[in-house]
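*Asks:* Residues per chain, in single letters:
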Amino acid sequence: MAEISMREAYGRALAEYGASNPDIVVLDPDTSSSTLSTYFAKRFPDRFFNVGIAEPCMVDVAVGLALGGKVPFANAFAALLAFRAMEQVRTCVCYGRTNVKLIAGYAGISDYKDGPTHHSITDVATMRALPEMTVIVAADSSEAARWVPLVAEYDGPVYLRLSRAGALSAHNEDFALRVGKGLTLRQGGDVALVATGTMVGRSLAAAEMLAAEGVAARVVEIHTVKPLDADLVVQAAEETGALVTAEEHTIIGGLGGAVAEALAQRRPAPVERVGIADTFTRTGPDPETIMDAFGLGVNDIVAAAHRAIARKSAV
Amino acid sequence: MSHYPESLISGLEERARQLRITSLEMIFRRQAGHPGGSLSAAEIMAALFFHRLRLNPALPSWPERDRFIQSKGHASAILYAALAARGFFPTEDLAGWGNLECHLQGHPDRLKTPGVEMTSGILGHGIAIGAGLALAARLNQAAYRVYVLIGDGECQAGIVWEGAMTAAKFRLANMTVILDYNDVQLDGPVHEIMPLEPLAAKWHAFNWNVIEIDGHNIRQVLESLDLAAENHGGPTVIIAHTTKGKGVSFMENKSQWHGVAPDAAQFAQALAELAAPSAVAGGRV
Chain R
1 MAEISMREAY GRALAEYGAS NPDIVVLDPD TSSSTLSTYF AKRFPDRFFN
51 VGIAEPCMVD VAVGLALGGK VPFANAFAAL LAFRAMEQVR TCVCYGRTNV
101 KLIAGYAGIS DYKDGPTHHS ITDVATMRAL PEMTVIVAAD SSEAARWVPL
151 VAEYDGPVYL RLSRAGALSA HNEDFALRVG KGLTLRQGGD VALVATGTMV
201 GRSLAAAEML AAEGVAARVV EIHTVKPLDA DLVVQAAEET GALVTAEEHT
251 IIGGLGGAVA EALAQRRPAP VERVGIADTF TRTGPDPETI MDAFGLGVND
301 IVAAAHRAIA RKSAV
Chain P
1 MSHYPESLIS GLEERARQLR ITSLEMIFRR QAGHPGGSLS AAEIMAALFF
51 HRLRLNPALP SWPERDRFIQ SKGHASAILY AALAARGFFP TEDLAGWGNL
101 ECHLQGHPDR LKTPGVEMTS GILGHGIAIG AGLALAARLN QAAYRVYVLI
151 GDGECQAGIV WEGAMTAAKF RLANMTVILD YNDVQLDGPV HEIMPLEPLA
201 AKWHAFNWNV IEIDGHNIRQ VLESLDLAAE NHGGPTVIIA HTTKGKGVSF
251 MENKSQWHGV APDAAQFAQA LAELAAPSAV AGGRV
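Chains as they are written, first to last, in my numbering: chain R, 1 to 315; chain P, 1 to 285.
Read the hints as simulated data drawn from the structure, not as lab findings.
Check the hints yourself; a few may be wrong.
[As the list claims (entries may be wrong)] DSS-like, lysine-lysine: derived pairs with alpha carbons at most 27 Å apart:
#, chain 1, residue 1, chain 2, residue 2
1, P, K202, P, K169
2, P, K254, R, K226
3, P, K202, P, K254
4, R, K226, R, K181
5, R, K42, P, K169
[Unchecked claim] A short, non-exhaustive set of chain P residues, derived as facing chain R with CB atoms under 10 Å:
#, residue
6, R67
7, I122
8, G124
9, G130
10, A134
11, A136
12, A137
13, N140
14, G163
15, M165
16, R171
Predicted, not measured: the structure shown is a model, and the values here were computed from it.
Cβ atoms here follow ideal geometry from the backbone N, Cα and C, with glycine treated the same way.
If we strip away everything but chain R, and leave its shape as in the complex, we get (with noise of 0.2 Å):
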């Protein structure tokens, strides 16, 4: 069976989550077709508030609602989301601390169609450099659906990022979900592969292609860019010696910017970081050619595992 879509799951799951817990009120201005914050609107249409083409205001009413007792989901493109509306999140939910979550669809260039202006590829550098903040990115469609409840409950400001398309598995079994802590989803000794989101289905399959050389390559997600898993990546800086970032976003300030910062402090290694270079992106036929075009590719990931490992001899 074919997989759904991050946005199908996440829609789906917010709507059966709201069934269960009355204080979520759910946000959108004007993408609830597209984000599927729809399947709770039509649920319930009280407790949905669709605000028209204004991120910013969407952002302010819900904190206004965070501050009556109401827990919201303000759903909309990830590239306006943290742009337009970054001073309402940096000033109303961050530094005022409310109980926002910010779930960003659309995300990477998984809006493949509408090209760069729909593409949001620094969100999670901005978002992480904001106290209070933390950022939560979804490497596949059932994690995006597990996400709900605990964003749910998670007290705090939360920045969730969604892709609009599928994304390769990075789960085929039960697996324990908790903000903070990171999973070692493949063990390996000569080099780990850093992923998150779309890019840990990739990077599995990087590391199949790794073995298939003799390279045994460990896959480590991070879901939580910030808090920084540091202990999960500073022991596995310790066990292989090297280390591939890998995410859907530049490699200016993402997973490869907070990685780099934790080793640099704890454990010196080689890190090589693959990510969008520092360039905007092209409109594509759809996400995965854009994300090979612009070094996304599994071959990318290998590539970049070659290279830190033959780094490990001038350490």
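Fit chain P to the given chain R structure using the hints.
*Replies:* Below, chain P alone, put in the same frame as chain R:
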């Protein structure tokens, strides 16, 4: 004719006078703050904090309290003066305003200061946040009202009108906005920097109930707040025509007093002008 007795009116006028004095004392002591927009809002704040708002200073998080958001957060001096006078924290705290260890931040911070409903200081947020609070009241079947004090220059920010559309769409009759229309902003007169007129027509066009008053006339402030609460059709904006720097002759209508502290001689003159209760018998001349 209003049912408010003259004794109540004169008492609130005295409160307003004290709020002006306390605000200027704070700004002078700290040599920082925003005098102009604090002085213009004195009668509004007096009417709200000493008559209209249902508050419980001993229990700032009392669930049934009315919610007041000072969207024009730069006028924090008069908010702090009102909260202290109302008993939310000791008046001695006001002397520490701006000190690193003091809970009183340059702009209001809901996490640090009891009675501050929402962090503010960057202009424009109050109406949209207030709309969210009003929606929460509806969902929770809570009886509290939401009051938002905004500035006029603030109305140049697009987010104000995004919030205005939202409050109107959801018919938030439990929400009252008071617009401190002193026509002066940092760089000069509002009508020159970015004209707002026809301002009442704008709010009408956004489907708000609109009341225009003399914002220095306590009786008019009280009556307009009553009218707003009695209207069940949607949100109300009270356009309060005020004078920036009201009560201190050399500050009145002067943009240079938007965010500058007086020196010792100026402070002494201001206190002298505010000394007599009759000095600010606004709206009754």
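*Asks:* Any of the earlier hints contradicted here, and which numbers?
*Replies:* 2 and 16
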